[in-house]
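Trainee: Make a model of the complete structure from these sequences and hints.
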Amino acid sequence: EAGVAQSPRYKIIEKRQSVAFWCNPISGHATLYWYQQILGQGPKLLIQFQNNGVVDDSQLPKDRFSAERLKGVDSTLKIQPAKLEDSAVYLCAGSNKSSGANVLTFGAGSRLTVL
Amino acid sequence: GQQLNQSPQSMFIQEGEDVSMNCTSSSIFNTWLWYKQDPGEGPVLLIALYKAGELTSNGRLTAQFGITRKDSFLNISASIPSDVGIYFCAANAGGTSYGKLTFGQGTILTVHP
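Same order as they appear, the protein sequences are chains Z and S.
Start counting the first sequence at 95; every next residue gets the next number (this note's numbering).
Start counting the second sequence at 322; every next residue gets the next number (this note's numbering).
The reader is advised that the hints may include incorrect statements.
With a straight-line Cα cutoff of 25 Å, these simulated DSS-like cross-link-like pairs (lysine-lysine) come out [unchecked claim]:
#, chain 1, residue 1, chain 2, residue 2
1, S, LYS391, Z, LYS105
2, Z, LYS138, S, LYS391
3, Z, LYS105, Z, LYS177
4, Z, LYS109, Z, LYS191
Which residues of chain Z face chain S? A partial, calculated answer using Cβ under 8 Å [unchecked claim]:
#, residue
5, THR125
6, GLY136
7, GLN142
8, LEU185
9, SER189
10, ASN196
11, VAL197
Derived from the structure by calculation, the hints contain no laboratory data.
Using N, Cα and C, we set each Cβ at its ideal position, and we do this for glycine too.
Mentor: This is the structure we're talking about:
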C-alpha cells in the first residue's frame, strides 16, 4: 500500500509571496487532514475534509490560507500572502473507518521557510 | 481550548535503560494515541488506546489510558539506539470531534550507545 504523498518536500519563499502544497492520501482514506507543525511543537489541525466536503476549518486562518479537495481524493493547501510566522512543516494525513476514525496516517510533510 | 501537557520535554538515557513519559489534560478524552516522529518524517502511530484503564503493548512499548480519561503514559523497555526521536501523545474527545486529534508538545528522546 502506497503511503501519503506530499509535495514539495521543501519550499523557501519571501514574505508576501504565495505557495501551494499538494497531498494524495492512501487510497480509500475518505477523511483528509492538514496539520501545521511549528518547530518544537506538536501538530495543530488546520482543516479536515470528508470526501470533497469541509468538516472543520475553524483553525484555518482564512484571510491567507485556503484548501480544496475537489474530487475527494488529492488536496491542495495554499498560503497567500505568506507571513514569517507561517514557517512550519505542513503535514497531510488521512483516515478511514476501517482503520479507526482517530487513527491518522501522516505523510512526510512539506517544510516551508518564509524569509 | 483542549491542551495536552506532555512530560518530560527531553530525555537522555543509556542504551538498555527503560523510559517513561506521560501526558495529562484537564479535559476528558475518548481515545489516546502515541506517535513517534523521526527527523524529516511525519508522525508514525505506535499505540492506540480506546478504553479507560486499557493497557496495551507493542513489542517493547507499553501504554495505558488513564482511569480518569485525562491522562496516558508510554513506557519503553530496554531502549535501543533506533528509539531516538520525538514522541507525541495525541487524543480525541469523540462525538462531533471525530478524527480531530490534539497533540502534546512532544518528548525528545536521545539514547546513548
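Trainee: Hints first: check each against the structure and report whether it holds.
Mentor: Structure-based check of all given hints:
1. S:LYS391 x Z:LYS105: Violated. LYS391 (chain S) to LYS105 (chain Z) sits at ~38 Å, over the 25 Å cutoff.
2. Z:LYS138 x S:LYS391: holds (19 Å)
3. Z:LYS105 x Z:LYS177: Within the cut-off at roughly 14 Å; holds.
4. Z:LYS109 x Z:LYS191: Violated. LYS109 (chain Z) to LYS191 (chain Z) sits at ~40 Å, over the 25 Å cutoff.
5. THR125: holds (5 Å)
6. GLY136: This hint holds: GLY136 (chain Z) lies near chain S, its Cβ roughly 3 Å from the closest one there, short of 8 Å.
7. GLN142: holds (6 Å)
8. LEU185: Result: holds, 5 Å to nearest chain S Cβ.
9. SER189: Holds, about 6 Å.
10. ASN196: holds (4 Å)
11. VAL197: Hint on VAL197 (chain Z): holds, closest Cβ of chain S at ~6 Å, below 8 Å.
Violated hints, listed in ascending order, are 1 and 4; each of the other numbered hints is respected by the structure.
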